[in-house]
Amino acid sequence: MKPLTRPARRALLVAHVAVSVSWLGLTVGLLALGITAWTSGSPDITRATYRSMKVFGDWLVVPVAVLTLGTGVVLSLRTPWGLARYHWVRTKFWLTLVTLAASAFALRPGINDAAASGLPDSSLVAAPVVASTAYFFMTALSVLKPWGLTKRGRIHRSASRKAVDAVPPHPSA
520 MKPLTRPARR
530 ALLVAHVAVS
540 VSWLGLTVGL
550 LALGITAWTS
560 GSPDITRATY
570 RSMKVFGDWL
580 VVPVAVLTLG
590 TGVVLSLRTP
600 WGLARYHWVR
610 TKFWLTLVTL
620 AASAFALRPG
630 INDAAASGLP
640 DSSLVAAPVV
650 ASTAYFFMTA
660 LSVLKPWGLT
670 KRGRIHRSAS
680 RKAVDAVPPH
690 PSA
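Take 520 as the starting number for the sequence shown in my numbering and just add one per residue.
Please keep in mind that the hints were generated in silico from the structure rather than gathered at the bench.
Even glycine gets a Cβ: it sits at the ideal position worked out from N, Cα and C.
Please note: incorrect hints may appear among the correct ones.
What the hints assert, rightly or not - Using C-beta positions, here's what the derived DEER-type ranges look like: (1) H675 - A527: 17 to 27 Å; (2) P562 - A659: 33 to 43 Å; (3) L596 - V662: 14 to 24 Å; (4) R676 - A623: 29 to 39 Å; (5) A551 - I674: 38 to 48 Å; (6) D563 - A530: 42 to 52 Å.
Let's have the full structure, built from the sequences with the hints guiding it.
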């Protein structure tokens, strides 16, 4: 694929960071609401809190997660990082897919059930803790970029160097 121009790459990077941070913020907000519902002791507060969580879950979490995945994939495919060249990029990709699926197929139904029943549910504290931990870990991966190249990345780098070495030098005029 053709690499992004510098302005396009920077704009996409800003968008990716913004939606990623938004996903983390939503999850921390869900954690605060989940703790409130679990510890309040008031059925009215519990119901109101779960209804608030339902708004986050129904309207914000999945779209923000999909935008995070989409901007991340485009960045990886259209920059030298690649999707499978570095262990940290591949790890972030799979963690994003897993947490997106968990948000869509486990967290949202759990919030909907809790909002309908109005009963405290410890899983709505545990799920945001796990998700927030995963997002903080992915943030650390983005900053630290550990583990180096994958086998595919080493092959690609080797092929790139051979191609550069094969180009004859420009004749001097």
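Structure-based check of each hint:
no.: 1; hint: H675 - A527: 17 to 27 Å; result: 22 Å, holds
no.: 2; hint: P562 - A659: 33 to 43 Å; result: 39 Å, holds
no.: 3; hint: L596 - V662: 14 to 24 Å; result: 21 Å, holds
no.: 4; hint: R676 - A623: 29 to 39 Å; result: 36 Å, holds
no.: 5; hint: A551 - I674: 38 to 48 Å; result: 46 Å, holds
no.: 6; hint: D563 - A530: 42 to 52 Å; result: 45 Å, holds
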